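Asker: Top to bottom, those sequences are chains A and B.
Throughout the first sequence, residue numbering follows our numbering, covering 1 to 78 in sequence.
Throughout the second sequence, residue numbering follows our numbering, covering 1 to 379 in sequence.
Because the hints were derived from the structure by calculation, they are not lab data.
These numbers were taken from a predicted model, which means no experiment stands behind them.
No residue lacks a Cβ here, since even glycine has one placed at the ideal position from N, Cα and C.
Fair warning: there could be bad hints in the mix.
[As the list claims (entries may be wrong)] Pair by pair, the computed Cβ-Cβ distance ranges are:
1) B/Lys292 <-> A/Leu11: 35 to 41 Å
2) B/His304 <-> A/Val15: 57 to 63 Å
3) A/Lys62 <-> B/Trp315: 52 to 58 Å
4) B/Met101 <-> A/Leu11: 52 to 58 Å
5) A/Ser63 <-> B/Leu45: 32 to 38 Å
6) A/Lys56 <-> B/Pro260: 55 to 61 Å
7) B/Pro89 <-> A/Val15: 37 to 43 Å
8) A/Thr40 <-> B/Glu125: 37 to 43 Å
9) A/Arg61 <-> B/Phe140: 47 to 53 Å
10) B/Leu219 <-> A/Lys62: 54 to 60 Å
11) B/Thr306 <-> A/Thr40: 50 to 56 Å
12) B/Leu30 <-> A/Ser63: 35 to 41 Å
[Said to hold, decoys possible] Under the rule of at most 20 Å between Cα atoms (straight-line distance), these lysine-lysine pairs were calculated in the PhoX-like manner:
13) B/Lys277 <-> B/Lys98
14) B/Lys134 <-> B/Lys107
15) A/Lys56 <-> B/Lys173
16) B/Lys134 <-> B/Lys15
17) B/Lys237 <-> B/Lys257
18) A/Lys56 <-> B/Lys188
19) B/Lys222 <-> B/Lys237
20) B/Lys188 <-> B/Lys71
21) A/Lys4 <-> B/Lys173
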Amino acid sequence: MQAKTLQQIFLWPTVIAVLSCIGLIAALLYDDVRELVSDTAVALPILIAGYHYWLKPAAQRKSGSVIKKKYREQNATR
Amino acid sequence: MLSHSSIRRWAWVHKWSSLVCTVFMLLLCLTGLPLIFHHEIGDWLDDHIATPEIAHQGPMASMDAVLAAAKARQPGMVPLYMYREEDEPLQWVVRLAKTTMADSGFKHVVVDARTAQVLGEPPSEQGFMYVMFKLHVDLFAGLPGMLFLGLMGFLLVIAIISGVVLYAPFMRKLPFGEVRHERGEKLKRLDIHNLLGIVTLSWFFVVGATGVINAWSDLLVKYWQFDQMSQMIAPYKNLPPPRHFASLQESLDVAQKTEPEMQLGFIAFPGTAYTSKHHYGIFMRGDTPLTKRLFKPVLVDAQHATLTDSRPLPWYLVALLVSQPLHFGDYGGTTLKWIWAVLDILSIIVLWTGLKLWWRKRHQYVPDVNTRILLREAY
Numbered sequence: 001m002q003a004k005t006l007q008q009i010f011l012w013p014t015v016i017a018v019l020s021c022i023g024l025i026a027a028l029l030y031d032d033v034r035e036l037v038s039d040t041a042v043a044l045p046i047l048i049a050g051y052h053y054w055l056k057p058a059a060q061r062k063s064g065s066v067i068k069k070k071y072r073e074q075n076a077t078r
Numbered sequence: 001m002l003s004h005s006s007i008r009r010w011a012w013v014h015k016w017s018s019l020v021c022t023v024f025m026l027l028l029c030l031t032g033l034p035l036i037f038h039h040e041i042g043d044w045l046d047d048h049i050a051t052p053e054i055a056h057q058g059p060m061a062s063m064d065a066v067l068a069a070a071k072a073r074q075p076g077m078v079p080l081y082m083y084r085e086e087d088e089p090l091q092w093v094v095r096l097a098k099t100t101m102a103d104s105g106f107k108h109v110v111v112d113a114r115t116a117q118v119l120g121e122p123p124s125e126q127g128f129m130y131v132m133f134k135l136h137v138d139l140f141a142g143l144p145g146m147l148f149l150g151l152m153g154f155l156l157v158i159a160i161i162s163g164v165v166l167y168a169p170f171m172r173k174l175p176f177g178e179v180r181h182e183r184g185e186k187l188k189r190l191d192i193h194n195l196l197g198i199v200t201l202s203w204f205f206v207v208g209a210t211g212v213i214n215a216w217s218d219l220l221v222k223y224w225q226f227d228q229m230s231q232m233i234a235p236y237k238n239l240p241p242p243r244h245f246a247s248l249q250e251s252l253d254v255a256q257k258t259e260p261e262m263q264l265g266f267i268a269f270p271g272t273a274y275t276s277k278h279h280y281g282i283f284m285r286g287d288t289p290l291t292k293r294l295f296k297p298v299l300v301d302a303q304h305a306t307l308t309d310s311r312p313l314p315w316y317l318v319a320l321l322v323s324q325p326l327h328f329g330d331y332g333g334t335t336l337k338w339i340w341a342v343l344d345i346l347s348i349i350v351l352w353t354g355l356k357l358w359w360r361k362r363h364q365y366v367p368d369v370n371t372r373i374l375l376r377e378a379y
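Required output: the full structure, derived from the provided sequences and hints.
Answerer: This is the structure we're talking about:
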């Protein structure tokens with residue numbers, strides 16, 4: 001894999017950080033239907049961590065030896 | 001990208017700020033976990049006193065009667081505060097102690113707001129939840145303990161910021177969220193630390209920073225006394241404390257008239273930290289999710305039941321009151337509490353993996369040369 005730029009590295013972290021901050025504050029301001037939206041935003045880190053820890057590797061294992069492919073890729077770019 | 005020498009500097013900051021605070025942060029995360037559910041656990045342990053279902057029409061009992069009932073239950077003690085739990089609007093809780101300046105030996109008497117009947121006395125200063133609470137707030141060491149934990153929280157904030165800076169060099173060649181399951185325990189641990197650390201960033205930062213603000217709460221209230229209370233009660237400066245107290249109900253009516261749009265939040269009795277020796281500190285609040293936390297103090301002369309002064313809270317107490325729910329996670333429903341609990345557990349994993357990474361670093365074998373160089377420098 002090519003070295004990423006700072007922008008690429010921090011794109012997702014920034015999106016998650018901003019959304020969960022909005023969720024934290026929105027939950028403070030509203031306590032109606034919008035609570036569901038803010039709860040989801042606050043829970044976003046959990047969903048994303050769960051996806052990357054369990055779902056994605058499982059999907060990759062299913063779709064063949066992605067890891068070996070990644071090794072080859074890494075060695076090629078070096 | 002960061003230069004090698006600045007990575008090294010940030011790594012030093014991350015290592016030491018984390019190492020110093022980690023043990024305390026683990027303690028705070030572990031004790032905080034049951035505190036998120038203190039209400040539910042209270043119900044479950046039967047500490048909760050239920051409001052009897054009775055047919056009641058007409059006005060609420062006079063607050064003088066409510067207070068008298070509590071005092072009769074604990075003769076020889078003085079009332080400090082009177083408040084309502086959010087989920088029991090028909091109960092008044094009266095906190096009493098031997099003197100108004102006491103910081104332990106409290107008793108709590110729960111009184112029915114409709115009939116002024118004593119409903120019971122929840123246990124005070126004992127039990128599992130009390131131990132969790134004290135460990136979480138001040139390590140059983142009072143104000144110094146609180147400020148010490150505040151300092152640890154400040155180090156945590158520094159550790160989080162430096163962690164974000166160090167995230168960049170580690171992730172240069174990794175896609176976001178990658179956990180290398182098959183390349184050894186240590187890399188997997190590093191990836192988990194980085195992934196969980198970066199996704200819980202906002203939450204951990206907010207809870208950490210609001211915790212630090214809370215650690216200052218006693219001092220902020222003391223400063224408010226000195227800064228604003230002293231101005232409001234200037235005319236009473238050299239008077240002896242009152243011997244006879246006017247009707248509490250009458251005093252409340254005065255406060256309600258002063259702030260007709262607001263409702264009664266809690267009452268601080270003369271001599272406590274939230275008022276003066278001469279006044280009932282009557283704290284009014286709004287009723288939206290945000291304004292119900294923002295109190296407005298109305299000082300009512302405790303001898304004559306007349307208005308002395310009422311000023312909005314200064315910015316530092318507003319900041320404190322707004323930061324509290326963001327720390328406790330008690331401002332949404334049950335769902336938010338569960339989210340809070342899971343995020344708390346994720347933070348424990350971040351702390352634990354971080355500690356273990358540091359502990360194991362000398363025996364580390366990292367197959368990837370670039371990562372090896374960075375790992376050496378980063379912790």
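Asker: Please write out, lowest number first, the hints stated earlier that are contradicted by the structure.
Answerer: Violated hints (numbers, rising): 5, 16, 17, 20; every other hint is consistent with the structure.
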